[in-house]
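Number of protein chains: 2
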Amino acid sequence: MELKTVKGMQDFLPEQAAKKQLIEETFRKVFERYGFKPMETPALEDFSLLSKKGAAGEAIKEEIYYFKDKGNRELGMRFDLTVPLARVVASNPSMPKPFKRYQIEKVWRYDQPQQKRWREFTQADADIIGTGSILAEFEIIAMTIDALKELGLKGKVKVNDRRLLEEVALQSGVKKEQLAECFRSIDKLDKIGKQGVEKELKEKGINTQILGQLTADLNSLQKKAKTAALLKELFEMLKENGVEQFVQFDLSLARGLEYYTGIVFEVVVEGPSIGGGGRYDNLIESFGGQQTPAIGISFGVERILDLLENKTKLENKTLVFVAPLKEEFNGAALKLAQQIRSLGIGVEIDLMQRKVGKNMEYVNKEGIPFAIVLGEKEVKEKKFRLKEMKAGKETEIKMSELEKLAKTVKSST
Amino acid sequence: MELKTVKGMQDFLPEQAAKKQLIEETFRKVFERYGFKPMETPALEDFSLLSKKGAAGEAIKEEIYYFKDKGNRELGMRFDLTVPLARVVASNPSMPKPFKRYQIEKVWRYDQPQQKRWREFTQADADIIGTGSILAEFEIIAMTIDALKELGLKGKVKVNDRRLLEEVALQSGVKKEQLAECFRSIDKLDKIGKQGVEKELKEKGINTQILGQLTADLNSLQKKAKTAALLKELFEMLKENGVEQFVQFDLSLARGLEYYTGIVFEVVVEGPSIGGGGRYDNLIESFGGQQTPAIGISFGVERILDLLENKTKLENKTLVFVAPLKEEFNGAALKLAQQIRSLGIGVEIDLMQRKVGKNMEYVNKEGIPFAIVLGEKEVKEKKFRLKEMKAGKETEIKMSELEKLAKTVKSST
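Heads up: the sequence lines are chains A and B, in that order. Quick note: the first sequence uses my numbering, first residue 26, plus one each step. Quick note: the second sequence uses my numbering, first residue 26, plus one each step.
No wet-lab data here; the hints were simulated from the structure. Hints should not be assumed to be uniformly reliable.
Below are the DSS-like pairs computed for lysine-lysine, each with C-alpha atoms no more than 27 angstroms apart in a straight line [stated by the list, open to error]:
#	chain 1	residue 1	chain 2	residue 2
1	B	LYS93	A	LYS95
2	B	LYS54	A	LYS432
3	B	LYS383	B	LYS405
4	A	LYS179	B	LYS360
5	A	LYS95	A	LYS183
6	B	LYS351	A	LYS122
7	A	LYS336	A	LYS435
8	A	LYS338	B	LYS54
9	A	LYS54	B	LYS432
10	B	LYS360	B	LYS432
11	B	LYS336	B	LYS183
12	A	LYS435	B	LYS432
13	A	LYS45	A	LYS338
14	B	LYS54	A	LYS62
15	B	LYS32	A	LYS45
16	A	LYS62	B	LYS44
17	B	LYS44	B	LYS29
18	B	LYS174	A	LYS360
19	B	LYS390	A	LYS122
20	A	LYS174	A	LYS390
21	A	LYS423	A	LYS405
22	A	LYS390	A	LYS44
23	A	LYS62	B	LYS412
Covered stretches of chain B, going by a simulated chain A footprint (3 or more residues, C-beta under 8 angstroms) [claimed, not checked]:
#	stretch
24	261–268
25	287–301
26	387–401
Yeah, the Cβ is synthetic: ideal placement off N, Cα and C, and Gly gets one too.
Take these sequences, add in the hints, and give me the full structure.
Spelled out as structure tokens, the structure:
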């Protein structure tokens, strides 16, 4: 029983962990190309911060890991990386702006576990703090398109503006005090369909006319809604940079979190969402900081891992296996392994005192591309045969010219 | 109040976070060179696992973040990465051996916060599971020496064997049932000194004669203790590979954790310990797995960060800043930035609509090495001047030949 992982959480064994790491490295690379810098914050935050009205409110207690520590402090495991960022910015008012940070770390939610919904998962976030310029929206979207490309994913960024949705909703007879509830229902469109949303709206006593507007295009909306202009400008910029085919206006995109104040986006790949974000110009002020415009995006690393899992086949980073023929050649094997490692090449040696046949079985199973067997002859003559496992080809190499080995091994990968 | 980090925990702002990341990447590189593969496990584990007798025992409850979740499960935040590893191995008996995994993740301890002692910190662990061969001890130590070198640290690995310490203690009149208590006191030698340990031993009714033995060298011990032979063999191997000067025998090294069964080590740099480990051949079996020999090492990333903090000056990964002269050149600036980014170069553009002077102040403060100002002339003539900030040197570059820019920028770093 106690040998299982905690309910709703998972281990990443080597093959999966290596792919996960590759995804995270890709984000790091792309984020840095856009001038974002890394940051880390603690897994635990004061519950009073997590439950602040501007963040998630008192109700969040039911959806997170909440507890009191031995000093009777009310704590919670962070449920996202945006609230900790807002805390850092609010408490460091002298930080130079724009503050462009990325953070790739785990978060925890006490959700009901479902398929592909974990209680622990990894977010890759990038945020721009301190500017209200539409250039920031452009950068976040352009960066997202780059990241998709680098990950080998065909996806789209759906874009909307909360204020536009609000304007259209009010024009369609939704009352101002019903807006939040109305958006919460619209947000479920993918899950429960148009009929489901209609039913919910009716139950809440909200005018359902809005549903007929949700597929409207931006040009037609521009004629009747003032708040369409900013989106129009953003789409022009994206077009000028030749990436408009990766972006799609979607008036039905509401996004659940209440802290968004303007443009919002969602990243979809073959249907499922792998990330989203938007502008949240009031969050930092609501934490007691200065009025500070902010925008960001958050990717779900495990969701991307699911998409890539069956596609990507990773190379083994161990390139050479050194097998002594008998125990007495252990010393020579060690020495050779150390010399090859000093050239920056990944090497394993036999740690199990196995016979050559068993060792070659292991090498094949692990997908290690090259093997060396060391016996009396090799030690005496100070040369060995480097066997390329797949081709069966052997190359003779002197112990004194390991650069030849490095060349052969590196050219094969 | 709620804008502070939780007691005993810290944020890593960009400069520190980038250094921390560099340390973690270095470990990853060295671990992979020795054939270790990555793994991740959840932050939370069942308390019944963490408190198992072979692991840390029931008393650990006082030293960890322990709580019950909404489903009334007793959980704890992991206090190390070895117990989760033992769980994974015990529950996957068919895993091919040797299983060489590394894991770089955060752990949590409810310690009394002191200077340089955090309640959240990062461990970089590497373990070899499934072999009792002394070659595994060699690999762990050789890898540690490589890691120190790559990190630019001058350190030593102190090595001992628990069984040797035990043998000498018994010869010195310590009773068998007093061994654990005796080692616990000896472990405090660095903190409370020889007199302090002597006082503790006396209070516990333990023969203090052992204290006279702790500085003995391995050769003299070999004459009176059978269990010195394995250490002797290990030191011979290290000598043959020319790394004996980085290793030091130390009979007083006990290491607190009870699960160690054989050789133990500790890594010290200029005094402070930055890591340690040893052989724990019974832990996996005590979790209900098969009898499985195991050995590993654990580095404290924050301790290394403290050592490097004032030494390492990291290069800014943003190499170019693009500043439009007026708002009307934003589009051209964006386009240029995107083109340079597509060459893999980190670029920031002005997101604050600042004047050129302010922008150059920002560029200097952030240490960005190159800047481009775009105005009417540049846009019209399709060329610009790339300014090297330190030297003040300017190079004229056509928009159509950005490879020239890439060459200049990359050669400067």
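> Can you name, in rising order, the numbers of the hints this structure does not satisfy?
Replying inline: Numbers 5, 15, 20 and 25, in rising order.
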